[in-house]
Amino acid sequence: MGQQRITRAECAHVAALARLELTDEELDRFTGQLDELLDHVAEVEALDVEGLHPTMHALPIANQLRPDVPGEVLDRDEVLAQAPLAEDGQFRVPPVLGEAP
Amino acid sequence: MTVLGIAGAVRSGQRSARSVVDEYLGAIAEGDDEIHAFNLVAAEQARARADEIDSTVAEGRDPGPLAGVPVALKDNLCTRGVPTTCSSRILEGWVPPYDATVVGRLHGAGAVMVGKTNMDEFAMGSSTENSAFGPTRNPCDTSRVPGGSSGGSAAAVAAGFAPVALGSDTGGSIRQPAALCGVVGVKPTYGLVSRYGLVAFASSLDQIGPFTTTVADAAAVLDVISGPDPRDSTSIGDSQPPVSATLDNGVDGLRVGVLAELSGDGISPDVAARVRAAVSALQSAGARVAEASAPAAVYGLSAYYLIAPAEASSNLARYDGVRYGLRVDGASTPDMNTASRSAGFGDEVKRRIMIGTYALSAGYYDAYYGKAQRVRTLIIDDFASVWDQFDLVVSPTSPTTAFSLGERTADPMAMYMSDVCTVPVNLTGQAAMSVPYGVGDDGLPVGVQILAPALGEPIMFRAAAVLEASR
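Note that the protein sequences, when read in sequence, are chains A and B. Note that the first sequence covers residues 4 to 104 in this note's numbering. Note that the second sequence covers residues 1345 to 1815 in this note's numbering.
Hints may be right or wrong, so weigh each one.
[As the list claims (entries may be wrong)] Examples of chain B residues lying across from chain A (beta carbon under 10 Å, computed):
no. : residue
1   : Ala1476
2   : Gly1478
3   : Thr1682
4   : Gln1774
Simulated from the structure, these hints should not be mistaken for lab results. Just so it is clear, CB atoms sit at the ideal spot from N, CA and C, and this is done for glycine as well.
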């Protein structure tokens, strides 16, 4: 293996971006495993892909759009029944900013 | 029993759907404690549905081409009123308010859903050991893995718990477990089968397909589930000819390539020998065989392990404790999001989300994700040249036969290498399937992979039928 590609601090930063909280043990383990993977995939760095388009969709087909007419929709109560917390026809969450009133 | 055998008997009134379903439910009750193919068995619902099918037959009406056929569904396919977990704690107890399109099509054809099958969490894995509900065992040898991520579906068919199961294939998750369990597994052309109601992993790669014991059964099921769907904007807009119609047309005169990049290093000698035997069988049946080469295919695994996690990190952002699934309370919404995700996701899912987040993050996007997308183009271009010279390409499905439980769990890179033969096809969007073709030195099944260009399913199935008949 060559130089370290991802540090423990970078790994912690990525976890925070992804809204994951890792234990010290997880952070140690994942740093090593991510580093090993990045080292493997680094083989693509050597390839000359200048001038090639990035592929986002493998086949040359455009979006298939349905006619813009109202169709069946999911039942609101049935959907809200699956929520951890719902109130007055809405999803209920803790305060997004600041403290609870 | 085969899918076609059951449907024929039920449609003609020779056998009741109820007796068929009871027989399979009995097999599950007897054998699944050991195999753990299922996360959930919907016994009552299946019996009620079978009775409906029998009433339809009694009224002189045809229930459809899959009349009374028990079907197992991978637990990432949404089933209205039946829990769908993706083998993850974060979705435990979630009951979808709608059916996936494929579920509706199977139902409309007279099939009977018997249960939801175990899988690697969110389809991330190659052994079904990443399930939050414990691993599935390979029915051919219960000390071995069934492959993954659709290991429960493959094991269900191999163990005789259902004559057909559906799985999803993002990097080999249908073909590899099919090979390891000794059944037929199909990854259709991207867009041939609607993904509506398939819980998304990597949307540009995911595709649904069947597991069966025979090639003709796989064709019959594919013909039912494929076709345009207004609910999936990536589904191919035109209906394709049924693959069943041309199944027996043989391979006389077809140009078959043996893919050089997937036949050398890293392939077990006993697996390679079975692939050579399959190539000889196609040759004996009149195919013209030569070596084919797609040099960039060797970079498939690297491109895949950047692109798939990148798409996953975005797709899995929706599991935030707000609308469904697990919520772990926090003082604020961001705290609640983090607590829920940290408690609900397993190790492999966390790893992939982190790889994807890293590959997409500022400063690394061009070096990793952007580069991988261009390598994907390179692989597509290489295969385009292959299809100028060949109708089909043959390779191993998996570099080895089934490995032991626990053998690769501590080493993610070793696990990822299991997918080396299957990922290129997901990157190119083309069709591929695995056909069981004898056993390796350890007596365990070997699968041969047949690759076809996009929408090349009819020719691919003809070759699969020839291989099956030559076993």
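The hints, checked one at a time:
no.	hint	in the structure
1	Ala1476	violated, 16 Å
2	Gly1478	violated, 21 Å
3	Thr1682	holds, 5 Å
4	Gln1774	holds, 8 Å
Consistency with the previously given hints fails for numbers 1, 2, ordered from lowest to highest.
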